[in-house]
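One letter stands for each residue in the lines below.
Number of protein chains: 2
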Amino acid sequence: MNLIKFRTYYEPLIQQEMAQLILSLSIPDSLKESMHYSLQAGGKRIRPILLLAVLHELSDKEHPEALKVAAAIEMIHTYSLIHDDLPSMDDDDLRRGMPTNHKVFGEAVAILAGDALLTYSFGIVARLQEVSSDDKVRLIDLMSVSAGAEGMVGGQVLDIEGEEKQLTLEELEQVHRLKTGALLTYSILAGGILAQASDEEIIALSQFGQHLGLAFQIQDDILDITGTSEELGKTAGKDESSEKSTYPSLLTLPKAKEKLNFHAAEAVNALEKLKGEKTLLVQLTQLIVQRKS
Amino acid sequence: MNLIKFRTYYEPLIQQEMAQLILSLSIPDSLKESMHYSLQAGGKRIRPILLLAVLHELSDKEHPEALKVAAAIEMIHTYSLIHDDLPSMDDDDLRRGMPTNHKVFGEAVAILAGDALLTYSFGIVARLQEVSSDDKVRLIDLMSVSAGAEGMVGGQVLDIEGEEKQLTLEELEQVHRLKTGALLTYSILAGGILAQASDEEIIALSQFGQHLGLAFQIQDDILDITGTSEELGKTAGKDESSEKSTYPSLLTLPKAKEKLNFHAAEAVNALEKLKGEKTLLVQLTQLIVQRKS
Numbered sequence: 001m002n003l004i005k006f007r008t009y010y011e012p013l014i015q016q017e018m019a020q021l022i023l024s025l026s027i028p029d030s031l032k033e034s035m036h037y038s039l040q041a042g043g044k045r046i047r048p049i050l051l052l053a054v055l056h057e058l059s060d061k062e063h064p065e066a067l068k069v070a071a072a073i074e075m076i077h078t079y080s081l082i083h084d085d086l087p088s089m090d091d092d093d094l095r096r097g098m099p100t101n102h103k104v105f106g107e108a109v110a111i112l113a114g115d116a117l118l119t120y121s122f123g124i125v126a127r128l129q130e131v132s133s134d135d136k137v138r139l140i141d142l143m144s145v146s147a148g149a150e151g152m153v154g155g156q157v158l159d160i161e162g163e164e165k166q167l168t169l170e171e172l173e174q175v176h177r178l179k180t181g182a183l184l185t186y187s188i189l190a191g192g193i194l195a196q197a198s199d200e201e202i203i204a205l206s207q208f209g210q211h212l213g214l215a216f217q218i219q220d221d222i223l224d225i226t227g228t229s230e231e232l233g234k235t236a237g238k239d240e241s242s243e244k245s246t247y248p249s250l251l252t253l254p255k256a257k258e259k260l261n262f263h264a265a266e267a268v269n270a271l272e273k274l275k276g277e278k279t280l281l282v283q284l285t286q287l288i289v290q291r292k293s
Numbered sequence: 001m002n003l004i005k006f007r008t009y010y011e012p013l014i015q016q017e018m019a020q021l022i023l024s025l026s027i028p029d030s031l032k033e034s035m036h037y038s039l040q041a042g043g044k045r046i047r048p049i050l051l052l053a054v055l056h057e058l059s060d061k062e063h064p065e066a067l068k069v070a071a072a073i074e075m076i077h078t079y080s081l082i083h084d085d086l087p088s089m090d091d092d093d094l095r096r097g098m099p100t101n102h103k104v105f106g107e108a109v110a111i112l113a114g115d116a117l118l119t120y121s122f123g124i125v126a127r128l129q130e131v132s133s134d135d136k137v138r139l140i141d142l143m144s145v146s147a148g149a150e151g152m153v154g155g156q157v158l159d160i161e162g163e164e165k166q167l168t169l170e171e172l173e174q175v176h177r178l179k180t181g182a183l184l185t186y187s188i189l190a191g192g193i194l195a196q197a198s199d200e201e202i203i204a205l206s207q208f209g210q211h212l213g214l215a216f217q218i219q220d221d222i223l224d225i226t227g228t229s230e231e232l233g234k235t236a237g238k239d240e241s242s243e244k245s246t247y248p249s250l251l252t253l254p255k256a257k258e259k260l261n262f263h264a265a266e267a268v269n270a271l272e273k274l275k276g277e278k279t280l281l282v283q284l285t286q287l288i289v290q291r292k293s
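Note that the protein sequences, when read in sequence, are chains A and B. 1 is the number of the first residue of the first sequence in UniProt numbering; add one for each residue after it. 1 is the number of the first residue of the second sequence in UniProt numbering; add one for each residue after it.
Only chain A is shown next, with the shape it has when bound in the complex (with noise of 0.2 Å):
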């Protein structure tokens, strides 16, 4: 299977899904479109997509809920970038190159919207029909873990503290393992729950996991020099400006590049513990590494 088949056919399919998901709910208007423009407004839906690839790797079937899954995912990364825009977060205007949802919707209702989005994820894996409770609790614990004050909210915690000083390395890295690792790797290892994986190959997708989130950052911090706002769809030079520390400034974009070779390799690694097919994930990886936005 060729990535770019792969994610033209599902990313319509992951659109819909969340849509559909949004749309059967019984509450106010301002609340239910607020939900839905933030999750309607594009991205790579690299989560969904990793979760649906390594279902698709590990199973010969394919999984008649993981499309929910897949949402509720996104739909906890979504809440997660409306409150981060907030204006005593991030304060940005713009998303995707797009009004952020406070500048649509208001603080309240966009802070809601979060919450509610929040919320719903857990309500979603909670009600899957074709999985076994244990693993539904399976799913909703990891799930709390990755998204909460052990994970990436702790992480953003982190991310703002880290504003006001100079982190070393290793402080970044706990950063980024938090705000953006925790929940790609949930998204990985849930993918292996629903395709019924061995501990082993639940260790192995972990690995997997933590690698490619930090290339994933590294590559992020990498873009906010390289890029343009116009491809990013974000302020570039953001980073800079405000002198937060990043890789490149902490270790030269140079370095930062041989880094972020570095675990995009052991991400690879990683994936030889698994059986059967594997190019769908090694080409995750590299477009994690090469991608421009």
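Source of the hints: derived by calculation from the structure; they are not laboratory data. Computed from a predicted structure; not experimentally measured.
Here are the computed distance ranges between Cβ atoms for each label pair:
{"hint": "1", "chain 1": "B", "residue 1": "S293", "chain 2": "A", "residue 2": "E231", "range": "54 to 62 Å"}
{"hint": "2", "chain 1": "B", "residue 1": "N269", "chain 2": "A", "residue 2": "L23", "range": "31 to 39 Å"}
{"hint": "3", "chain 1": "B", "residue 1": "I225", "chain 2": "A", "residue 2": "T228", "range": "55 to 63 Å"}
Beta carbons: idealized from backbone N, C-alpha and C, even for Gly.
Here the structure of chain A is known, so what remains is to put chain B in place on it, guided by the hints.
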């Protein structure tokens, strides 16, 4: 069992359970302090007490993990208060007589502490040891509905939008059913689920919760007029000065009191359908009607 004794026994245990659950997390200090601050800021602990009281009435033995579920629900309630108090929402400086979370920790950390409490509450339920996976999934499913867009968060959106217009009594009731009633009812149902209640008992508990939730909110509206800021631990008369639609403003104060008594009586009626002792729940209903804060 007497409600005063019951509360005196359980309130410190609830407090301790929440503290342990937060202190056990490996997370940034500021985030931990912010989460802990609002959880320990007092409050009536009505939701945890409701859960524990239902369990006490319906089951002849204590449940080893009821306090964990009770703590998780109080975390959801607390996150909703932290977000509600934000400048872009109700803009409150005081809560339970103490500075609100964002006044102490700043808006960014306050938003994230709320996000973390919400996320953690699902994880706490998912990690219970003495509850079957089926029941955990049921608890999580209902938790998501009660706390989310179709419940509490939706109610908060309606409440904000209602500030700008005169609501009908039906619209006001819908706001409260969602904003306060949904999570109160969930606390009651969670007690029922942990007690292995029958379907009929769950229906009766659900009716009890719906009337109790409305009674609770009507009394809240009444106290805003008849209470003092000192008693309430928050600014009294706020609804009136902001011309907010409330039961007294739509119905007059005496008629609002009548409606309060009606829902309290219906709540007690619903309890008739349960076997065994109902003393605690009847006393809790009286407490909610007669409370001064």
